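Asks: Given next are the chains, with one letter for each unit.
Protein chains: 2
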Amino acid sequence: MDETQEGHTSTVSHTDSRPGPSDGQEAAAILEVSRAAVDPELRAAVDALPGSMRRIARYHFGWEHADGTPAAGHAGKAIRPALVLTAAAALGGAPARAAAVRAAAAVELVHNFTLLHDDVMDRDATRRHRATAWTVFGDADAILAGDALQARALMLLAEDPHPAAPAAAARLAACVVELCEGQHADTALERRAPGEVTLAEVLTMAEAKTGALLGCACALGALYAGAAEEDVAALDAFGRESGLAFQLIDDVIGIWGDPRRTGKPVGSDLAARKKSLPVVAALASGTPAAAELAELYALPYDEEDEEGITRTVLAVERAGGRDWAQEQAADLMSHAMDELSRAIPDPEAAGGLLALAEFVTRRST
Amino acid sequence: MDETQEGHTSTVSHTDSRPGPSDGQEAAAILEVSRAAVDPELRAAVDALPGSMRRIARYHFGWEHADGTPAAGHAGKAIRPALVLTAAAALGGAPARAAAVRAAAAVELVHNFTLLHDDVMDRDATRRHRATAWTVFGDADAILAGDALQARALMLLAEDPHPAAPAAAARLAACVVELCEGQHADTALERRAPGEVTLAEVLTMAEAKTGALLGCACALGALYAGAAEEDVAALDAFGRESGLAFQLIDDVIGIWGDPRRTGKPVGSDLAARKKSLPVVAALASGTPAAAELAELYALPYDEEDEEGITRTVLAVERAGGRDWAQEQAADLMSHAMDELSRAIPDPEAAGGLLALAEFVTRRST
Chain H
47 MDETQEGHTS
57 TVSHTDSRPG
67 PSDGQEAAAI
77 LEVSRAAVDP
87 ELRAAVDALP
97 GSMRRIARYH
107 FGWEHADGTP
117 AAGHAGKAIR
127 PALVLTAAAA
137 LGGAPARAAA
147 VRAAAAVELV
157 HNFTLLHDDV
167 MDRDATRRHR
177 ATAWTVFGDA
187 DAILAGDALQ
197 ARALMLLAED
207 PHPAAPAAAA
217 RLAACVVELC
227 EGQHADTALE
237 RRAPGEVTLA
247 EVLTMAEAKT
257 GALLGCACAL
267 GALYAGAAEE
277 DVAALDAFGR
287 ESGLAFQLID
297 DVIGIWGDPR
307 RTGKPVGSDL
317 AARKKSLPVV
327 AALASGTPAA
337 AELAELYALP
347 YDEEDEEGIT
357 RTVLAVERAG
367 GRDWAQEQAA
377 DLMSHAMDEL
387 SRAIPDPEAA
397 GGLLALAEFV
407 TRRST
Chain A
47 MDETQEGHTS
57 TVSHTDSRPG
67 PSDGQEAAAI
77 LEVSRAAVDP
87 ELRAAVDALP
97 GSMRRIARYH
107 FGWEHADGTP
117 AAGHAGKAIR
127 PALVLTAAAA
137 LGGAPARAAA
147 VRAAAAVELV
157 HNFTLLHDDV
167 MDRDATRRHR
177 ATAWTVFGDA
187 DAILAGDALQ
197 ARALMLLAED
207 PHPAAPAAAA
217 RLAACVVELC
227 EGQHADTALE
237 RRAPGEVTLA
247 EVLTMAEAKT
257 GALLGCACAL
267 GALYAGAAEE
277 DVAALDAFGR
287 ESGLAFQLID
297 DVIGIWGDPR
307 RTGKPVGSDL
317 AARKKSLPVV
327 AALASGTPAA
337 AELAELYALP
347 YDEEDEEGIT
357 RTVLAVERAG
367 GRDWAQEQAA
377 DLMSHAMDEL
387 SRAIPDPEAA
397 GGLLALAEFV
407 TRRST
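Residue numbers (the numbering used here), protein chains in the order written: chain H, 47 to 411; chain A, 47 to 411.
Worth double-checking, as some hints may not be accurate.
[As the list claims (entries may be wrong)] Quick list of simulated restraints, FRET-style, between CB atoms:
1) A/D93 / H/V182: 58 to 68 Å
2) H/A171 / A/V182: 20 to 30 Å
3) H/R89 / A/E275: 36 to 46 Å
4) H/T333 / A/G114: 30 to 40 Å
5) H/D170 / A/D348: 34 to 44 Å
6) A/P116 / H/L345: 54 to 64 Å
7) A/P116 / H/V79: 38 to 48 Å
8) H/G70 / A/H111: 49 to 59 Å
9) A/D168 / H/G97: 18 to 28 Å
10) A/G114 / H/R169: 47 to 57 Å
11) A/A140 / H/V79: 47 to 57 Å
12) A/E275 / H/V79: 58 to 68 Å
For the record, the hints were derived by calculation from the structure and aren't laboratory data. In this text, all values refer to a predicted model and were calculated from it rather than measured experimentally. Glycine included, each C-beta is placed from N, C-alpha and C at the ideal position.
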């Protein structure tokens, strides 16, 4: 999940009519309380870095301006650490939640290490409405600061005397490997011709890039609660599937979202010829609209061609891309809820995780 | 320590007259036996990576050609894993050595992660006589493969049930942070004017970049032997100081080495205006030769200007750069030996580590 896209939520009103246990207020409160618990650990971990690495990391987290003066902003919504703490609390109550604070900070450090590196690779110039670290400090320093944050994350867990710490560290490190493979696949898929990309490949990539760390966050919380292996696995699946559902909904917004709400021009993902999930599903549909879409996607991008964009949007829709994505997202969320209630049968105990999943996936389309 | 430079040792004869306990044969035998012990663990860790990351890593290690066909070459001399095993054996005998194999593989994975990233940052096109990974797979994939190797290294230790594993993981992660700061400092120092760089800064940088991981390797071996904290610290200092001594000697070779033996043209480091340790010491000497050197270093590099290079070599020498570097290296080695014998008073038990340190630092000048 991309923080830039996460940024949409603050300006997107919740017009989704799907009934949920939460109106977003509960999730906002959980995020707030979680940030308050994790922030000191996170800042201590970053401040323990040597001078240059600390400076770049503090800039990236939004705690400092480029010149080193303090900045007020905090670093995104920090959904992942909230998932760690909320999963720990759901399965092990307040003591597990308190014990999992270091693990929550470690997950957030890993997330930010991948953001630093992804921005270098994708040449993204802004994140969270600020210039990305590589544009300020150069590629080399952004790469090094990312490397140092990964090391710092795994160091936090290595130094944690909690009995769950080694398993948590192994799981987080395995997740990093999956994130790397996902980022590689994303870049590789974008280089290939649209017709050569299968839906299964794009789903695997999206799960690795977006679902894996959300699943890992939930699993780490379960580990710190001393949960049984099948409950750890169920919570991993819950986070993973919620993450993939988020990606599907985000792709739908990227095509059909209201530009006043998304902050992006209509169809900008299509104009950029992105192989998003609805597009690949549409291309694979075998419909006449799929053939038309393939032709349109073969044309070079022309930003003046509003009619071309409109035709492309319609082709994806008529080829079933929108319906498919929405059904998939609903199926995934339904399955995620099954996993959640399997691990945590008490709806009250599961409420916090449900609220966070709804918050992550609930988007105005 | 750079593997490319390590590569010199195979062609450099040992004309150093300093008496040592070893003629290099002992070290070569230790390296051979160590590689045989660590290689299966290292290959298993790399082969457990997902497809793309595995392919890039296998290429980088020299086990595969760029097209994925098997290659015969092995990846460098693997001095660091040999230090882990030899330190473990010196302090804890054969059982400690056997227990430390995973840690040895983890150290080698970390070393190779930093090589992958350093090559991207430094735009180095060859390593171990082969095209570097970024030139074959692109920057993004080389960065990702490095990230995955770091994760895999710390995962090996997180999954290791040995009681020393958490402390080893914390120490290795802390070392990664130091390596990052060292690489940052190296790049930053090269961008500054020669007169503005202090000797202390260059020594700190060289210790972080070259000494830290050699020290960490020795310390990890000591941890797996269940050594007392002061012995772990002494072995870290032994490895660190040997590493810094190596760097000083390597810098001397980079200026005064025989091109037929080093494979580099005479004075190539000077032509590139490198702020190596002998040069910075010479510039800081306050001698008339220092002023001449500063003037020469301010001139742009002209590869045709053999007379200019000769004058620069002489200026560094007359300003005392060569003598200083050789004295420093001797002092460091002497101190490293003190640390070694403090932790391991029995000369026979310490013999293997001594042989490896001699092997690392013994260079024809």
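Asks: Now tell me if each hint is right for this structure.
Replies: Hints, verified against the model:
Checking the proposed 58 to 68 Å range against A/D93 and H/V182 shows it is violated: the Cβ atoms sit about 38 Å from each other. About 27 Å separates the C-beta atoms of H/A171 and A/V182, a value consistent with the hinted range of 20 to 30 Å. One distance hint, 36 to 46 Å for the beta-carbon pair H/R89 and A/E275, is violated here, with the actual separation near 28 Å. Take H/T333 and A/G114: their Cβ atoms lie about 37 Å apart, and the range 30 to 40 Å holds.
Take H/D170 and A/D348: their Cβ atoms lie about 40 Å apart, and the range 34 to 44 Å holds. The hint said 54 to 64 Å for the Cβ distance between A/P116 and H/L345, and at roughly 43 Å that hint is violated. A/P116 and H/V79 have their C-beta atoms about 55 Å apart, which leaves the hinted 38 to 48 Å range violated. For the pair H/G70 and A/H111, the beta carbons lie near 54 Å from each other, so the given range of 49 to 59 Å is met.
One distance hint, 18 to 28 Å for the beta-carbon pair A/D168 and H/G97, holds here, with the actual separation near 21 Å. A hinted range of 47 to 57 Å for the beta carbons of A/G114 and H/R169 is inconsistent with their spacing of about 28 Å. Range check, A/A140 to H/V79: about 53 Å between beta-carbon atoms, so the 47 to 57 Å window is met. For A/E275 and H/V79, the Cβ-Cβ distance of about 39 Å falls outside the hinted range of 58 to 68 Å, so the restraint is violated.
Hint compliance for this structure: hints 1, 3, 6, 7, 10 and 12 are broken, all remaining hints hold.
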